[in-house]
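Under our numbering, the residue at position 143 of the sequence shown is numbered 156, and the numbers go up by one with no gaps.
These are calculated hints, taken from the structure and not from any lab test. Warning: the hint list may mix true and false statements.
What the hints assert, rightly or not - Ranges between beta-carbon positions, derived for each pair: (1) H151 / T76: 15 to 23 Å; (2) G191 / Q75: 40 to 48 Å; (3) L206 / S128: 25 to 33 Å.
Backbone N, C-alpha and C define an ideal beta-carbon position, used for all residues, glycine too.
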Amino acid sequence: MDFIRFFLPKNSDFGPFVRSANALASRIQGSVADGITGLETRVEDLEDEAPAIGTPISLSGQTSGDFTGIPSWATYIVVSLIAGSTNGVSVVRLRAGTGGVAATTGYLGSSETTSGATTGTFTAGFDGQRTSAAAVRHGVFELTKQNASTRVWTCRFALGGADAGTGESGAGSVTLSGALDMVRITTANGTDLYDASAEANIWYA
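Work out the full structure: start from the sequences and follow the hints.
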């Protein structure tokens, strides 16, 4: 250990020196304490912003399912769908929203069936392309924030058909009017009902 030696004249008054040393020690202790407090606060913030998986929701008998309360710091969102069949022929649709309300316009991009037989462009949501009540879809929609300072979100998705060797895939983007805080899984006509086994969940980071 290194030591610092102070040479003081004989019969010197040590009072000012001691007071200065004590003041310096207090400042050092305060700085360390502040640093520890700041570190603890940052750890708590990081814990709050840790990747999170939601609670699965049943879509049985429903026209749609909403995931709300998505935190503002989220920049990557995955919506999973299993056994996504309905009682009609309308395609599966994903919408993003702000203020708890799903956006109904501004969607850009396109999708197609894996065979390429059916294609379409987006307008009112990120839409699949299978129009069969027998279709049983399994897969994910991935949303990524394009820029930290904008409200543009990109989307890509892939859905495989458990009923047949036909899948659906697509990609696009949407510009929201505010911060994204919800997503909705539904159908294009908004009236077809999901069958008993249909389920969705969300993951975000």
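Ascending list of hint numbers which this structure does not respect: Hint 2 alone not satisfied by this model.
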